[in-house]
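**Q** Sequence:
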Amino acid sequence: MEPLDDARTDAYLRRLGAVRPERATGGSLRELHLLHLRTVPFENLAIHLGEEIALTRDALFDKIVTAGRGGICYELNGGFAELLGTLGHRVELLQARVYGKDGGPGIPYDHLALRVDGRWLADVGFGEHSTYPLDLDETGEQKDPGGVFLVRAAGDGTEGDLDVLRDGVPAYRLETRPRALADFRTGAWWHSTSPESGFTRGPVCSRITEDGGRITLRDRTLIATSADGDRTEEELATDDEVRAAYRGEFGIVLDRLPVALHPRP
337 MEPLDDARTD AYLRRLGAVR PERATGGSLR ELHLLHLRTV PFENLAIHLG
387 EEIALTRDAL FDKIVTAGRG GICYELNGGF AELLGTLGHR VELLQARVYG
437 KDGGPGIPYD HLALRVDGRW LADVGFGEHS TYPLDLDETG EQKDPGGVFL
487 VRAAGDGTEG DLDVLRDGVP AYRLETRPRA LADFRTGAWW HSTSPESGFT
537 RGPVCSRITE DGGRITLRDR TLIATSADGD RTEEELATDD EVRAAYRGEF
587 GIVLDRLPVA LHPRP
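Going left to right, the sequence shown walks through residues 337 to 601 as the working numbering numbers them.
Don't read these hints as lab results, they were simulated from the structure. The C-beta atom is built at its ideal place from N, Cα and C for all residues, glycine as well.
DEER-style ranges, computed between Cβ atoms: (1) Val595 x Thr402: 21 to 31 Å; (2) Glu387 x Arg350: 21 to 31 Å; (3) Asp564 x Glu495: 40 to 50 Å.
Turn these sequences into a full structure, and let the hints steer you where they fit.
**A** Below, the structure is given as structure tokens:
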């Protein structure tokens, strides 16, 4: 992975509100992981704006840093991988299949996650997930502000695969063989076009808040969840209110609003 130049690295760190670490450590990884989740939203707006999801290092940097946007897993973890690699971490891209409500895993290359320094599972692109990287060497439960996590060998005995569970519920099946960013293009295409993908059914934008809660805009509903789990919902009546929420809560300025590609029934 070719490192970012100094100007791009500094710009990415400014986007996160971070200072350049003196060296790559588990502690600096935790800090960058948290800041990424707070400042760069998980959002699928490109799908509903007719924009291309391009998985190249320049496109990811331009979207996340230059344009001040977020993205879906391939974009967020792809961009984060470039930053971490530049800062001295050893980063590998892993493919995962997300468990659905029926209990079965999704399509191949359903999700992109990161193995960092051979030990840490970093994931800033899964929406509600762990606030900090998970320890792949830990066989017991891992308590995190985002829940209680468990990383274990795949339940069906698939050699080398891991199941990642949150609060006792399987989140995704992780394959441990390293992949290239280009390998995920088919998954990105499917998620951005298929009526069967949850991403095409309506726009969503979400991030962790500074007090440990979460703010989400789903279609026209603004949802605020506190760190204690208290939840409020507000229906935004006008386009101006929706634009103001994107701008005020996520720093995203839109000249037009996203329209659901395949609207929810």
